[in-house]
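Spelled out from the first residue to the last, the chains are:
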Amino acid sequence: MGDLFGNLQLGFSVALGWQNLALCFVGCLVGTLIGVLPGVGPIATIAILLPVTFKLDPAGALIMLAGIFYGAQYGGSTTAILVNIPGEATSVVTTLDGHQMARQGRAGVALGIAALGSFFAGTVTTVIVAALGGPLTALALLFGPAEYFSLMVMGLVFAVVLARGSLLKALAMVLTGLLLSTVGTDLESGQARMTLGLEALIDGIDFAVLAMGVFGFAEILRNVETPESRDVVRGEIGPLLPDRADLRRSAWPVVRGTLVGALLGILPGNGAVLGPFASYTLEKRLARDPRRFGRGAIEGVAGPESANNAGAQASFIPLLTLGIPPNAVMALMVGAMTIHGIIPGPQVMTKNPDLFWGMVASMWIGNAMLLVINLPLVGVWVRLLKVPYRLMFPAILLFCCIGIYSINNNVMDVALAAFFGGVGYVLIKLGFEPAPMLLGFVLGRLMEEKLRQALILSRGSFATFVERPVSLGLLLAAAAMLAIAVVPAIRRGRDDVFTE
Amino acid sequence: MTPAEGGSGDEPGAPLSDRASRDVAAGLVLVAVALFALWAGADLPLGTLSAMGAGMLPRSLAVLVGLFGVAIAASGWLSAGEGLGRWSLRGPFFILGSVVVFAATVRSLGLAFAGPLSMLVGCLASHETRWGEAALFSVALTAFCIVLFRSLLGLPIPIAWFL
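Sequence order for the protein chains is A and B.
With UniProt numbering applied, the first sequence corresponds to residues 1 to 500, in that order.
With UniProt numbering applied, the second sequence corresponds to residues 1 to 163, in that order.
Mixed in with the good hints, there may be bad ones.
Claimed, not checked - Once the Cα atoms are required to be at most 20 Å apart in a straight line, the calculated EDC-like pairs of lysine to aspartate or glutamate come out as:
| hint | chain 1 | residue 1 | chain 2 | residue 2 |
| --- | --- | --- | --- | --- |
| 1 | A | Lys386 | B | Glu133 |
| 2 | A | Lys351 | A | Asp57 |
| 3 | A | Lys386 | B | Glu128 |
| 4 | A | Lys284 | A | Asp246 |
| 5 | A | Lys55 | A | Asp354 |
| 6 | A | Lys351 | A | Asp3 |
Because the hints were derived from the structure by calculation, they are not lab data.
Build the full structure now, drawing on both the sequences and the hints.
What follows is the structure, given as structure tokens:
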């Protein structure tokens with residue numbers, strides 16, 4: 001325990017440097033801004049700002065990027081409450097009761113409880129990240145290639161189970177992502193694979209380019225197509241601070257939401273997206289009068305909002321301890337780390353303790369900053385939300401173009417992102433979800449490396465994956481999750497969670 | 001809905017109009033992707049399981065993607081489901097076009113010109129665009145981007161060909 005406090009002390013000494021404080025503030029502010037604006041997500045923003053971080057020191061760069069990520073979770077809820085559209089995918093559930101509260105003139109209380117709940121969740125999760133960092137890192141050092149491979153298989157299966165709609169399609173998307181990741185030079189033999197003779201593909205497809213195309217541009221395409229209807233709350237925002245009765249009602253939902261969100265967030269395969277749904281369902285089940293939900297129940301805001309913040313922060317755990325990015329934002333973090341010569345994984349904690357603990361400490365500072373900057377700025381966000389989409393999308397386009405160009409100062413990257421934008425549009429139209437594909441792509445290279453290593457060690461026998469107990473356990477867990485998702489009754493339940 | 005209508009969904013060979021044409025198309029697209037990958041990686045050596053060649057994984061993945069494609073297309077053919085839905089051409093054409101315009105002009109003309117140009121091409125995608133407003137906004141935003149990205153953040157992006 002004393003070790004933990006010593007480490008946190010080191011972390012705070014790094015995070016409290018004036019430069020890192022400023023970067024943390026900028027990250028949180030930018031994150032909130034893009035969280036508020038629907039149609040601009042943290043993925044596109046981090047990709048745009050990636051080149052800017054080249055010149056910073058690694059700790060500062062990661063502190064800022066992390067701030068953008070969890071800041072966006074804060075901002076997303078503001079839009080969900082005030083406009084009834086989720087600013088971010090994770091704040092979908094907040095629209096249900098949050099916007100109802102706003103209609104009843106209690107927008108301020110909804111925003112206030114969302115901020116307080118998120119702050120609580122952020123604080124607890126910071127401690128969880130700090131406490132789990134050591135043990136998980138020790139565990140990761142015991143992992144051989146076979147265990148790593150099986151762990152990633154489990155992550156991908158989990159992503160498939162979490163995807164909406166057809167399992168078959170989600171599985172196909174994961175495989176397509178893995179296939180895309182094999183494009184480029186083969187690391188072992190040096191052969192160019194499926195590059196079609198294009199120089200731009202020799203180093204493989206840049207993740208930022210793919211993500212920007214499939215998430216950034218495709219999102220604009222979809223939004224321009226559907227005519228916009230925004231229902232910005234016009235009336236009073238009302239008082240920001242919840243009263244005693246509100247606090248009493250929200251206290252337990254916040255605690256439960258934090259635990260649910262943090263638990264799901266730790267899992268590889270982007271469990272964090274499920275957090276708010278799980279928390280909402282849980283609160284509704286536990287409520288004495290479930291009919292209040294959907295009509296402005298404060299528990300329906302407090303729980304999911306805490307869960308989404310906890311999940312966002314907990315998703316750093318697989319990245320920092322195992323070196324496995326659980327979602328697209330974390331994959332961009334990998335990019336930011338490798339640019340500075342840091343390979344994410346268990347060795348980060350021993351080789352760069354200042355970076356690891358500095359980032360953990362900055363999360364808590366960032367959460368405190370968000371609490372302070374978010375509430376007074378509500379008026380600004382409301383005005384910003386009145387900017388029509390016809391002006392917003394050309395602006396987003398330009399920012400995205402400048403961002404992609406700046407990553408490698410290469411116009412081919414920009415053209416390639418446009419191509420993937422088209423691909424993303426077709427995928428959405430055909431009912432495919434792009435998220436599993438992106439995760440497949442993210443894990444593809446590492447999986448291939450580990451698969452090859454494992455098979456070299458076992459002299460070509462696949463039995464190695466089931467003979468080693470840890471690997472077998474992970475694969476069984478993956479199989480169980482898949483089996484559960486196929487069972488019709490649970491399948492229906494899963495659809496309910498998503499449609500609620 | 002009458003019972004007769006409700007029952008038709010699960011019978012094989014549903015009426016053509018009821019078939020999940022979206023899934024059929026989705027499956028065929030995957031098959032095409034798989035065939036393309038097999039063709040593009042045809043020259044790569046497979047190797048053996050204990051010493052995998054560069055082509056082993058791409059080819060196995062391509063085959064799997066193809067099989068999933070066949071399965072999705074077949075299930076779409078045999079059951080009722082969503083149709084292809086409405087596809088618009090104007091949005092994708094001008095928005096992706098605007099990105100291509102940016103790629104084509106940022107080196108030769110510089111951001112000062114590529115910015116407004118690509119934004120205005122993008123504006124063609126929406127029928128809500130008001131042109132006076134869009135022109136002014138594109139120039140103002142480009143100026144803002146030049147100050148932000150070039151002057152403040154120091155990214156080496158070309159501003160104009162004569163600078």
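- [ ] Hints the structure violates: just list their numbers, smallest first.
- [x] none
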